[in-house]
Amino acid sequence: MHEQYKKAMSGVRPSAQCTERIIMMTEKKQKHLKKGWIIAAAAVLVLLCALFTANAAADGAIFNGKLFQDLHIFLNGEEFTYELTGAERTTDQDGNPVDHYSIALPDGKSIDAYAAEEYTAFAVDADDADSIQIVGTDEDGSAAYAESHPSRTTG
Amino acid sequence: MEQTDFQNAVDRNSHRLFLLALSFLQNHSDAEDVLQDVFLKLWLRTAPFENETHMDKFLTSVCVNGCRNLLRSSFRKRCAAPEEEALSLYTFDSTEDCDLFCAVMALPLRERTVVHLFYYEDMSVKEIAAALHIGQSAVKTALHRARNHLRECLKEDGDHA
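First to last, the sequence lines map onto chains R and L.
Residues 1 to 155, numbered by this note's numbering, are exactly what the first sequence covers, in order.
Residues 156 to 316, numbered by this note's numbering, are exactly what the second sequence covers, in order.
Since the hints were made in silico from the structure, they are not lab data.
Mixed in with the good hints, there may be bad ones.
Claimed, not checked - Lysine-lysine pairs mimicking DSS-like chemistry, simulated, CA-CA at most 30 angstroms apart:
id, chain 1, residue 1, chain 2, residue 2
1, R, K6, L, K281
2, L, K310, R, K6
3, L, K295, R, K6
4, R, K7, L, K295
5, L, K295, L, K310
6, L, K281, L, K295
7, R, K6, L, K212
8, R, K7, L, K281
9, L, K212, L, K281
10, R, K6, L, K196
11, L, K212, L, K295
12, L, K310, R, K7
13, L, K212, R, K7
14, L, K196, L, K281
15, L, K212, L, K196
What the hints assert, rightly or not - Computed footprint of chain R on chain L; a stretch qualifies when at least three of its residues, placed anywhere within it, have a C-beta under 8 angstroms from a C-beta of chain R:
id, region
16, 189–197
17, 210–216
18, 250–257
Cβ coordinates follow ideal geometry from the N, Cα and C atoms, glycine included.
Throw the hints in and build the complete structure from the sequences for me.
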């Protein structure tokens with residue numbers, strides 16, 4: 001009976017289309033997986049672009065203001081204070097004296113600053129900073145010039 | 156699961172699982188639907204199998220459960236009926252083979268499935284009882300009744316011929 005039954009059932013099979021659908025089903029799944037990877041890669045790319053853009057927006061800060069004595073830099077909430085001394089003095093094209101400062105901040109960040117008689121400007125190069133705040137105090141130490149947002153110029 | 160492993164599993168099991176589903180459902184299209192669901196579950200399964208026997212048992216179990224769920228669905232209870240035109244989809248070497256298939260398909264559900272598991276899957280009474288979640292005595296009873304029914308049915312067919 002076993003053999004007879006098996007022989008009778010040997011011709012009772014699922015259609016070729018059914019078997020094909022089963023195999024195709026896995027291929028579709030693989031395509032979905034590939035598609036998923038592509039979407040994930042695209043998302044990462046967008047994220048990287050966004051981060052790059054954010055970094056580009058915060059890659060430095062430029063401060064324009066009056067002459068100051070001390071410089072306070074806030075990088076990601078951490079304060080660094082510098083007294084602007086030891087400048088390299090040069091003259092501009094009109095013959096006015098200009099003091100150049102170069103201050104190294106931790107982690108390779110740097111400040112390039114120059115100060116003229118009535119005018120001070122400096123740039124903070126901190127391309128991995130989330131936020132940069134710059135505070136300059138005047139010669140009396142009472143007045144403060146603050147504030148430079150990333151990639152913005154204030155004065 | 157690798158594509159080649161899956162392909163091998165399909166080649167090795169699709170026929171027997173289709174027959175198992177057909178013995179439950181008496182309907183070609185429903186059996187194919189269950190078959191696809193079974194292999195989808197296999198494809199989505201992440202846990203590894205110890206060996207081929209383990210995989211085959213898993214597939215049998217999934218197939219039985221899938222058929223039972225479909226039989227319980229109210230939609231199928233309303234709509235489905237045994238297909239006679241599906242016979243044209245199958246090939247039989249002889250009229251006796253065709254008669255045997257039709258006679259088995261005409262058996263009541265439990266007898267049908269028990270006969271199939273016993274004669275095609277070569278499962279023991281104990282294994283059938285475990286697979287169908289019924290007692291061994293119920294399996295023996297179903298098997299006994301099924302043999303009687305088949306004997307009568309095939310005898311009638313022989314007489315008509």
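Against the structure, the hints come out as follows:
At roughly 21 angstroms between alpha-carbon atoms, K6 (chain R) and K281 (chain L) fall within 30 angstroms of each other, so this suggested pair holds. Proximity of K310 (chain L) to K6 (chain R) is assessed by CA-CA distance (about 20 angstroms); at most 30 angstroms being required, the pair is judged to hold. Between the alpha carbons of K295 (chain L) and K6 (chain R) the distance comes to roughly 20 angstroms, so the proposed pair stays at or under 30 angstroms and holds. With a C-alpha separation of about 23 angstroms, the suggested pair K7 (chain R) and K295 (chain L) falls inside the 30 angstroms cut-off, and the hint holds.
As the CA atoms of K295 (chain L) and K310 (chain L) are separated by approximately 22 angstroms, the hinted pair is consistent with the 30 angstroms bound. The suggested pairing of K281 (chain L) with K295 (chain L) holds, with an alpha-carbon distance near 10 angstroms, which does not exceed 30 angstroms. Of the supplied pair hints, the one linking K6 (chain R) and K212 (chain L) holds, its CA atoms being roughly 19 angstroms apart against a limit of 30 angstroms. Distance hint between K7 (chain R) and K281 (chain L) is fulfilled; the C-alpha atoms sit about 24 angstroms from each other, no more than 30 angstroms.
With a CA separation close to 14 angstroms, the supplied pair K212 (chain L) and K281 (chain L) stays within the 30 angstroms bound. Only pairs whose Cα atoms come within 30 angstroms are accepted, and K6 (chain R) paired with K196 (chain L) is accepted, the gap being roughly 27 angstroms. Of the pairs offered as hints, the one joining K212 (chain L) and K295 (chain L) holds, with about 21 angstroms between alpha carbons and a cut-off of 30 angstroms not exceeded. For the proposed pair K310 (chain L) and K7 (chain R), the alpha carbon gap of about 19 angstroms is at most 30 angstroms, so the pair holds.
Using a Cα cut-off of 30 angstroms, the hinted pair K212 (chain L) and K7 (chain R) holds, with the two alpha carbons roughly 23 angstroms apart. A threshold of 30 angstroms between alpha carbons decides the hint, and for K196 (chain L) with K281 (chain L) the separation of about 26 angstroms falls inside it, so the pair holds. With a C-alpha separation of about 13 angstroms, the suggested pair K212 (chain L) and K196 (chain L) falls inside the 30 angstroms cut-off, and the hint holds. Coverage of the region 189–197 of chain L by chain R holds. Counting CB-CB distances below 8 angstroms, 4 residues qualify, and the rule asks for three or more.
Counting residues of the region 210–216 of chain L whose beta-carbon sits less than 8 angstroms from any beta-carbon of chain R gives 0, not enough to reach three: the coverage restraint is violated. Residues of the region 250–257 of chain L with a Cβ under 8 angstroms from some Cβ of chain R number 5, which satisfies the need for three, so the listed coverage holds.
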